[in-house]
Amino acid sequence: YEVSVKRGKLSPQKLQERMSLLTVVVDEWTAFADCDYVIEAVFENMALKKQIFGKLDAVCKASCVLASNTSTLSIDEIASATKRPESVIGAHFFSPANVMKLLEFVRGKASSAQTIATSMAVGKKIKKAPVMVGNCFGFVSNRMILTGGFSAMCMLEEGALPTQVDAVVRKFGFPMGLFQMQDLAGLDVGAKIRSETPASFVPKRDVTQIPDALCKDGRFGQKTGKGWYVYHKEAPRKSVHDPSVDKLVVATSAAKKIKRRNIDDKEILERYIFIMVNEAAKILEEGFAIRPSDVDIVFIYGFGFPPYRGGPMFYADTVGLKNVVQRMEVYNKALGDATFPKPCKLLADLAAAGKTFGSMN
28 YEVSVKRGKL
38 SPQKLQERMS
48 LLTVVVDEWT
58 AFADCDYVIE
68 AVFENMALKK
78 QIFGKLDAVC
88 KASCVLASNT
98 STLSIDEIAS
108 ATKRPESVIG
118 AHFFSPANVM
128 KLLEFVRGKA
138 SSAQTIATSM
148 AVGKKIKKAP
158 VMVGNCFGFV
168 SNRMILTGGF
178 SAMCMLEEGA
188 LPTQVDAVVR
198 KFGFPMGLFQ
208 MQDLAGLDVG
218 AKIRSETPAS
228 FVPKRDVTQI
238 PDALCKDGRF
248 GQKTGKGWYV
258 YHKEAPRKSV
268 HDPSVDKLVV
278 ATSAAKKIKR
288 RNIDDKEILE
298 RYIFIMVNEA
308 AKILEEGFAI
318 RPSDVDIVFI
328 YGFGFPPYRG
338 GPMFYADTVG
348 LKNVVQRMEV
358 YNKALGDATF
368 PKPCKLLADL
378 AAAGKTFGSM
388 N
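In terms of this note's numbering, the sequence shown is numbered consecutively and its last residue is 388.
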């Protein structure tokens, strides 16, 4: 809120009004007894979340909805720590939560219609853009962005640099690059997600060496003043190029015996966007997203996908799904399945039939 005041987006009076609405308690679980809706927001650790939900279940009234702000973890497993799984739901806010519009609700297998309807109403009440998705690893948002991040990491090892990838992403219309976004969210958060990733979602190609090395060096992003970039005290939000990160990238390629090559901007953009479009199509196939336009809303309001491009699914339609499939097949043939996938069945079928994602809305 103080940052918003400094930028003139919020008055000091509004700041005080909002702060006055907060009540802080420590280890006083009974304070939640009369709440109608509780949102847990600790870091990504399943054991801790289940412990908290067990305690909330014991003190909260029967009609209270218990929501988790988890960004990747199973809502069903979290709900198993309670005697009211029908009242448990995911409520994934995006950083910074007071600015980002998206609120990704995640229905568990036991989430009741009332819990779902109440949650969507809460999202609208607090002026968010709520989207309801299914309970898979990473849900819609992070499952897609982690896939895009994997592709970007492959390109770093093959010849690109973080500043180049980010410049391409910004030129496309995103407000910040992928690695700038990771610095904002915290590289330690990414490391925690990697440690909790189910084996079935771990890529066959291991590209964790560079981010792990950054974390080992205490480079967690903006919060520590350095991550993929450096951040100075006089401008703590401004990302500054750090040549030492480039050296780490190049050294990692050498250690893995990968011959670096020039990767042009077109390849960077296509490999970054199209792999996420393909992942979204798989999510639709599996029933974890209701419609393609929900995916577009997630990316526009959650990750700053340029609104004038309509979201990743709408954008793929404008490129032409046959063209998307053709480019994916080129990269798959050149790079192999472990680096870049073949188009999934839904994407391939739509392209072959001359249809669009829009036809599914």
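The hints are simulated quantities; they were obtained by calculation from the structure and are not laboratory data. Just so you know, even glycine gets a beta-carbon here, dropped at the ideal spot from N, CA and C. Some hints here could point you the wrong way.
Stated by the list, open to error - What follows is a set of in silico ranges between Cβ atoms, one per label pair, in the way DEER data are often shown:
| no. | residue 1 | residue 2 | range |
| --- | --- | --- | --- |
| 1 | Val86 | Lys231 | 42 to 52 Å |
| 2 | Lys198 | Ala85 | 48 to 58 Å |
| 3 | Met127 | Gln40 | 22 to 32 Å |
| 4 | Ala262 | Val86 | 14 to 24 Å |
| 5 | Ala380 | Arg197 | 27 to 37 Å |
| 6 | Ile317 | His259 | 40 to 50 Å |
We went through each hint and held it up to the structure:
1. Val86 to Lys231: 42 to 52 Å: holds (45 Å)
2. Lys198 to Ala85: 48 to 58 Å: With a Cβ separation near 52 Å, Lys198 and Ala85 satisfy 48 to 58 Å, so the hint holds.
3. Met127 to Gln40: 22 to 32 Å: holds (24 Å)
4. Ala262 to Val86: 14 to 24 Å: Hint violated: Cβ distance 44 Å, outside 14 to 24 Å.
5. Ala380 to Arg197: 27 to 37 Å: About 35 Å separates the Cβ atoms of Ala380 and Arg197, which means 27 to 37 Å holds.
6. Ile317 to His259: 40 to 50 Å: holds (44 Å)
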